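Undergrad: Letter by letter, the chains look like this.
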Amino acid sequence: MARTTETPPPQPTPSSPWRARLAAALDSDLFYSFKRSKLVVAAAVLALGIVGAAFLAPLVAPHNPHDLATLDLINANIPPAWESQGDHRFLLGTDDQGRDIFSTILYGTRSSLLIGISSVLLATLLGVSLGLWAGYAGGRIDSFVMRLADVQLTFPAILTALLIDGVALAIFRNYRLEGGKFWILVVAIGLAYWVQYARTVRGVTLVERDKEYVQAARLIGLRPAKIMFQHILPNVLSPVLVIATINLALAIITEATLSFLGVGLPPTEPSLGTMIQVGNKYLFSGSWWMVAFPGLTLALLALAVNLLGDWLRDALNPKLR
Amino acid sequence: MLTRVIFRSLATAAAIMLATAAADARALKWARTADALTLDPHAQNEGPTHNLMHQIYEPLLIRDAAGKIIPTLAVSWKITTDPKVWEFKLRQGVKFHNGNPFNADDVVFSLKRAQQPTSDMKGLLTSIEDVIKVDDHTVHVKTKGPNPLLPNSLTNLFMMDREWSEANNTITVQDYKGKKDNFAVRNANGTGPYTVVSRQQDIETVLKRNEAYWGKAEVPLGISDIIYTAVKADPTRVAALLAGNVDFVQDLPVQDIERVEKAAGLKVNFGPENRTIFFGMDVSSPELKTSNIKGKNPFADKRVRQAINMSIDREGIKRAVMRGQSVPAGVIAPPFVNGYTKALDALPKVDIAKAKDLLKDAGYPDGFQITLHCPNDRYINDEGICQASASMLAKIGIKVNLVAQPRGPHFTLIQKTPPETEFYMVGWGVPTYDSQYIFSFLYHTRGGSEGSWNATRYSNADLDAAIKSLSSEIDIAKRNATIARIWSVVHGETIYIPLHHQMLAYGMKKDLDIPVSPENTVFMKFVK
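Taken in order, these protein sequences are the chains called A and B. Using the working numbering, the first residue of the first sequence is number 1, and each one after it goes up by one. Using the working numbering, the first residue of the second sequence is number 1001, and each one after it goes up by one.
It is worth saying that the hints were derived from the structure and are not from the lab. Be aware that a few hints might be false.
Here are the simulated DMTMM-like pairs of lysine to aspartate or glutamate, each with C-alpha atoms no more than 20 Å apart in a straight line [said to hold, decoys possible]: (1) K1395(B) to D67(A); (2) K1208(B) to E1218(B); (3) K1395(B) to D210(A); (4) K1399(B) to D210(A); (5) K1232(B) to E1211(B).
Beta-carbon label-pair distances, calculated as ranges [as the list claims (entries may be wrong)]: (6) L59(A) to P1117(B): 56 to 62 Å; (7) P156(A) to E1204(B): 41 to 47 Å; (8) L121(A) to Q1201(B): 52 to 58 Å.
Please read these numbers as outputs of a predicted model, since none were measured by experiment. Note that CB positions come from ideal geometry on N, CA and C, so glycine has one too.
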């Protein structure tokens, strides 16, 4: 009965919810601190530019370096277009196989980003779940998960990734690996970086689990999984977001390192790391463009993502406000 | 004060004198792409492995830098009145590094050891029936039929000490592809000019001059210590040479030759290698595991193999990938080899349209997918060649999934029975300078001591019989006719896709002069 007498909440006009939300976002502290720092704005623009160009690679790139049939050795080792030996078709020159460096950077960045993002998602999923579980359940589970994390922390992440990659390749050696290598890399890098999430989330969960809202949820008989993911998780998300952003740069660099070491993506589908590895071979012979441009792209991308991560960390830290 | 100055100058003078006295104590830092796979002298028939072994162990006879056979542990050899028996007179007064004398027992032991099933050298010794000690310094090698070319097969057959092998339980050859180990894999006791001081596989091997070497009076033996390092990355190896951290780089990357030639204090020696680089294919399995075509094997169709052969632009590879340092090849025999002819080596004409037609006729109008296995640390720009070939094959619709890896795992894929690769790169050097060596390792049906590097599954009983007959034919003209006949059969079948004969470039300090041998084998004892 009460329901009929209740006046409905003021319904905003159809176009306004997102507008209102945008306005709220633009008015928020977060956006204010974003706007205030020119460096962060520049980093965001740079990151967006690289990410955009990479994901639009099939539209933007003048060539498709993954289509082997279009490569021709006649076009190998051409310097950038502005050099005297340059060719206007190849803005940043070509590599030893006749691939256009500019197009290959776009496609390679796309591979690097896809692997980076996927592996960060995997690491987040794994780390957050284990961290929540350990923190909420406590006792033996907590000890087990955290000791596991401690043991893994004693190895550098790149070693863990190399190990997983090597084992996976040995297992799948006799199978056809077309898209397979991509997922092996994602799993290898993802498993190498879950620890930080688990430790952070566990810490916050330990604080949250004895708070009244959690006790209340427990009292009304909710299942632990529901309490963990619906009640506690939203309260631990901001540190996770910060770690994820910083880890994205790390994951991209790890992928490049693995590719540089020759265990990453196949040489016919080069990522940034593979390009740097190949280019490195030709440094002494004067073909600087093969390594300089992919190296620069990787450095800029990692720098931009790192700056954004640092800013996010400070902006979300209540003590620094 | 004055006394101190005098004392100091005396000390300096003494130091200078000491330094001059030790002038012949010259250490040589030697860098190469890859390390020896093992120290067991009979476990791997492979270039870099033999090359390191030649400093430590010695065969009865060797090929010098000019390709001439010269005496080493044997002083002379001849066919006895029985055409099936070779007599080797052994050098007297030779001692192994542990002091044991070298004698006929060791020769009998070593030749028999190298015929064991796990030996990778057994393919060279198929003609041998028995090895008999006549006296301490005479050995008779009895062959199944007359084999006038036996000495050619012994240039990489190292002599081990029987007592040492027995004492250390290394009578059996290491099973390399079975990933087994034995004492001789890490330790060595040869008669050679250098002894092993320390060895870390794939990192560094330190050798010291054998002061009791039998040939001290005959060879310069100018290098007192050898530090052999495996440096896989091309730029690192070149940087080490440019910076003076190494004295000798045996495989100078082709793209850096110009730079090293221009550098002060460095020079480059060139020469052709007795080695051809090529692709092999599984030509007889009913189905390929790594292909998308099921129920049949595209490589079993000769038209497919011909299509591949005419889609590879060998001149393009020479120009862009090899920077001119290769001789495009139409046959897998290098020009040094008996049986090689210019006609066989004629390059297939690059013809994409015709290759596509051939594929269409064979029933693959849209091509197919296949995994290509390549080494990335064995031949000059091996991975680059494979990549370039992958894009050439893509032009006729064959989608190559390229797997490039270090040569240890790569060669294991080929040597395993059944082989674990269906499309692969190999480079074959021919130390015997005779086609038989190519036939019996690469074309003979795999089994027993034959066909150990033949991963093509090619099997032709007539041909096998003809190959076998080569080891006992004494009439050279008749033998050469058989060789020509075998070549015409296998060449017509296009079992392998030849790419090029490899050229070598050694980079070194100006005061060294290490000649390029067609075997790509360096004998440090000849270096002044």
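Undergrad: Now tell me if each hint is right for this structure.
TA: Evaluated hints:
no. : hint                            : verdict
1   : K1395(B) to D67(A)              : holds, 10 Å
2   : K1208(B) to E1218(B)            : holds, 18 Å
3   : K1395(B) to D210(A)             : violated, 66 Å
4   : K1399(B) to D210(A)             : violated, 59 Å
5   : K1232(B) to E1211(B)            : violated, 32 Å
6   : L59(A) to P1117(B): 56 to 62 Å  : holds, 60 Å
7   : P156(A) to E1204(B): 41 to 47 Å : violated, 24 Å
8   : L121(A) to Q1201(B): 52 to 58 Å : violated, 40 Å
Hint compliance for this structure: hints 3, 4, 5, 7 and 8 are not met, and every other hint is.
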